[in-house]
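Asks: Sequence:
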Amino acid sequence: MRVFSQDESRFGLLTVRRRRLTAYGVQPVGLIQHVFEWFYVYGAVAPTTGERFFLELPYLNADMFQLFIDAFAQAFPDSLNILLLDNSGAHTAQCVRWPENVRYVWLPPYCPELSPIERVWRDVKDDVAWRQFPALDVQQNEVGDLLCAYEATALQSLTGYAYLVEAINALCL
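Here the sequence shown stands for residues -5 to 167, numbered as in this note's numbering.
Please note: incorrect hints may appear among the correct ones.
[Claimed, not checked] Each computed SDA-like pair below joins lysine to any residue, with the alpha-carbon atoms no more than 25 Å apart:
#1 K119 with F48
#2 K119 with M(-5)
#3 K119 with L51
#4 K119 with N95
#5 K119 with A143
#6 K119 with Y104
[To be verified] Cβ-Cβ distance ranges computed for the label pairs, FRET-style:
#7 A161 with A129: 27 to 37 Å
#8 Q68 with T147: 24 to 34 Å
#9 V20 with V90: 43 to 53 Å
#10 A67 with L15: 18 to 28 Å
Keep in mind that the hints were calculated from the coordinates and are not lab data. Even glycine gets a Cβ: it sits at the ideal position worked out from N, Cα and C.
Using the sequences and the accompanying hints, generate a full structural model.
Replies: Following this line, the structure appears as structure tokens:
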């Protein structure tokens, strides 16, 4: 049995802004790109092992989520896989068909801080903050490279909330 935290994140050509250090009274300066093209990365990370599965898709809806969970089930066919999910409309749609080896547990509504994978999205967006990309495919390649570069130990460190790891270990005994 494996337990994964699952969520989606939108990436696009609109510049990701973060705080900047400046001298007292000096306004931070940064170039902003106002281009409204984007893509979504669907992801699942196991907090106890750092195993991961990411899939880039063009939209966030129930049909794309179905593509994700079908591919996810094929990536981990030999185990029962539990997904910790938020209450997104894409996740709760009645048309979603759950594969035999995938089960779900709903997180409380309006609590993104409980989803460990949110820290992965923040880390990736910190890496692309204040950067302008000439085209969407360039950014897709960059985000893909960043996600592939994560080692299992780094993902464990980002997503391994102590209370969650203890609960998963108790469940899997």
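Asks: Work down the list of hints and note, for each, if the structure agrees.
Replies: Here's how the hints hold up against the structure:
1. K119 with F48: holds (15 Å)
2. K119 with M(-5): Not OK: K119 and M(-5) at ~31 Å, beyond 25 Å, violated.
3. K119 with L51: holds (17 Å)
4. K119 with N95: Roughly 31 Å separates the two Cα atoms, so the pair is violated.
5. K119 with A143: Measuring from Cα to Cα gives roughly 14 Å; hence the hint holds.
6. K119 with Y104: holds (21 Å)
7. A161 with A129: 27 to 37 Å: Given about 43 Å between the Cβ atoms, the range is violated.
8. Q68 with T147: 24 to 34 Å: holds (26 Å)
9. V20 with V90: 43 to 53 Å: holds (50 Å)
10. A67 with L15: 18 to 28 Å: Cβ of A67 to Cβ of L15: about 45 Å, so the range 18 to 28 Å is violated.
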